[in-house]
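One line per chain: the protein sequences are A and B, in this order.
According to this note's numbering, the first sequence is numbered sequentially starting from 1.
According to this note's numbering, the second sequence is numbered sequentially starting from 1.
It is possible that part of the hints are untrue.
Derived lysine to any residue pairs resembling SDA-like cross-links, with alpha carbons at most 20 Å apart [claimed, not checked]:
#, chain 1, residue 1, chain 2, residue 2
1, A, K9, B, W159
2, A, K211, B, S151
3, A, K9, B, G167
4, B, K243, A, E77
5, A, K158, A, H183
6, A, K6, B, T199
Between beta-carbon pairs, the in silico distance windows are [as the list claims (entries may be wrong)]:
#, chain 1, residue 1, chain 2, residue 2, range
7, A, R185, B, V145, 55 to 63 Å
8, A, K6, B, M91, 47 to 55 Å
9, B, T87, A, T213, 41 to 49 Å
10, B, K302, A, F155, 32 to 40 Å
11, B, W159, A, A206, 18 to 26 Å
Quick caveat, the hints were computed from the structure, so don't treat them as lab data.
Bear in mind that the values here come from a model prediction, so they are computed numbers and not experimental data.
Note that beta-carbon positions come from the ideal geometry of N, C-alpha and C, so glycine has one too.
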Amino acid sequence: MPTLFKQTKELTTQIDDFLDAISEGALVFQKGVDDYLSGDLERFEQRYRTIEALENRADDVRRAVESQLYRHSLIPESRGDVLGLLEAMDDVINTAKNTLSLFLVERPEMIPGLTEEWRDLAIAAMHTSEAVVMAARAFFRDPRSVNDHLHKVYFHEKEGDKMAMGLKRKIFDSDVDLARKIHLRYFALNIDRVSDAAEDVADRLAIYAIKRTV
Amino acid sequence: MLLFFLSSGLFLGWSLGANDAANVFGTAVGTRMVRFATAAAVCSVFVIVGAVVGGAGASHTLGKLGAVNALGGAFMVALSAGFTVYTMTRMSLPVSTSQAIVGAIIGWNLFSGSPTDASVLIKIVTTWVACPLLAAGFAMFFYTVFIRVSSRFPVHLLWEDTLVRWGLIVVGAFGAYSLGANNIANVMGVFVPVAPFETLTVAGLFSFTGTQQLFLIGGIAISIGIFTYSRRVMETVGGSLMKLTPQMALIVVLSQAVVLYLFSSQELSAWLVGHGLPSIPLVPVSSSQAVIGAVLGLGVLKGGRGIRFRVLGEIAAGWVVTPVVACVITFIALFFLQNVFSMQVMQ
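Taking the hints into account, I'd like the entire structure generated from these sequences.
Structure, rendered in structure tokens:
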């Protein structure tokens, strides 16, 4: 039985580590977009490497947690939910990393005068992800307070959608060539996808939290 | 020869271990919260401790209902009760050893012309009715407290899991103790007046009465039942009545254990009497019915959805049908044993 206590302590720490990685990834993502917009490509590349390392760490921890939960048949009732939650959370950091990698490879040429709109869009994605990490922590520690965080996720996600729409309009209203417009729209879409991934997690959490509190 | 006569009681003990251990550890093992080996070991040890330490109370009440005074009679009473349980189980009828043994004892009373104490019988039957109701009440109370406490002091999901696992083992141990204390009377109660065991004094420190030796043997029979046959029952019992979470399983086992403890603890009963309160009847009750009562109590708390009310009717029918069937079987069996096999079944 002392092994069971040790295991529980280890797993709790691992899950916290995983959520820390996701949360840090969201911050790094926002800073990375910021650096790209300000033209500091060297720092941007550093950010990319950081988010890549965080994503790898999150993957490793997630696999370790999954195998421990199964090997020792822990939380049999909510194991499926926890695994689903961890995988969905992993999608958030994956999407953020992939978006930064697109910036790294494709180097989109920004239209002057729209920098603030791009920044706000990335900040909305960061806020949405942060809020969903808080909701996930609450799911483990105090399921009754999950909803207090979920409404923030939905709020920031909607704000992000509005900003993405506004930005795309401005891109297509500008007088750059169509190929560049389409290229930039693709980036606006990808930044917004980070918020969408966080919203997917929130939808799952809403159900998991009800299941835990019933 | 003694062992031959005891064999019917040992068979009852084995079947109790095989079936009723699942009431204590079934959900824990079924939901994979506790391993079977751990459950079986804890259950066996505490059933034996319960039987030896706390078994006298309920057994005394059975003795008052009818003191079977010949070994052959006691053998046949236990065998008929076992046969009743076996047959009714094969016919998929709800049955409890407690009810079968009471019917069988009355069968012996009728055959031997001994009077059946109506007040004792009424006390026993009232207790049977009270048992599932009390279990339901306890389950509702414990669950409400659990929900209040857990919403006030939330615990991390993984720690909750660990605590529930520990809880299932600790409460399971208490449940096994209560099962042993309450139900050993079914297994060995009828042999108490006729068993030839002498009181042993161990190193001048404590004495080990003949009844306790008898209950130890019965307890061992129960634990053999647990190890040899209860695994399958435990693994299938999980969601048979209503799907239970491990937390609910903990509440169910706790409620059942408290009810069985109430109906077997001489100390508690004496304490109540000492404080001017009415005593608790010490009567062997059905652990299965206590579990069903507790689960239904939780069902009521949850708004009554998914409860199979037919189960209640089946329980009530069992209170009447089982003793009557056991009584008839015992009467006929004693007749054969006395007249065909020329065995002494009474004095």
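Verification of the supplied hints:
{"no.": "1", "hint": "K9(A) <-> W159(B)", "result": "holds, 8 Å"}
{"no.": "2", "hint": "K211(A) <-> S151(B)", "result": "holds, 14 Å"}
{"no.": "3", "hint": "K9(A) <-> G167(B)", "result": "holds, 18 Å"}
{"no.": "4", "hint": "K243(B) <-> E77(A)", "result": "holds, 11 Å"}
{"no.": "5", "hint": "K158(A) <-> H183(A)", "result": "violated, 23 Å"}
{"no.": "6", "hint": "K6(A) <-> T199(B)", "result": "violated, 48 Å"}
{"no.": "7", "hint": "R185(A) <-> V145(B): 55 to 63 Å", "result": "holds, 58 Å"}
{"no.": "8", "hint": "K6(A) <-> M91(B): 47 to 55 Å", "result": "holds, 50 Å"}
{"no.": "9", "hint": "T87(B) <-> T213(A): 41 to 49 Å", "result": "holds, 46 Å"}
{"no.": "10", "hint": "K302(B) <-> F155(A): 32 to 40 Å", "result": "holds, 33 Å"}
{"no.": "11", "hint": "W159(B) <-> A206(A): 18 to 26 Å", "result": "holds, 23 Å"}
The structure does not agree with the numbered hints 5 and 6 stated previously, though it agrees with the rest.
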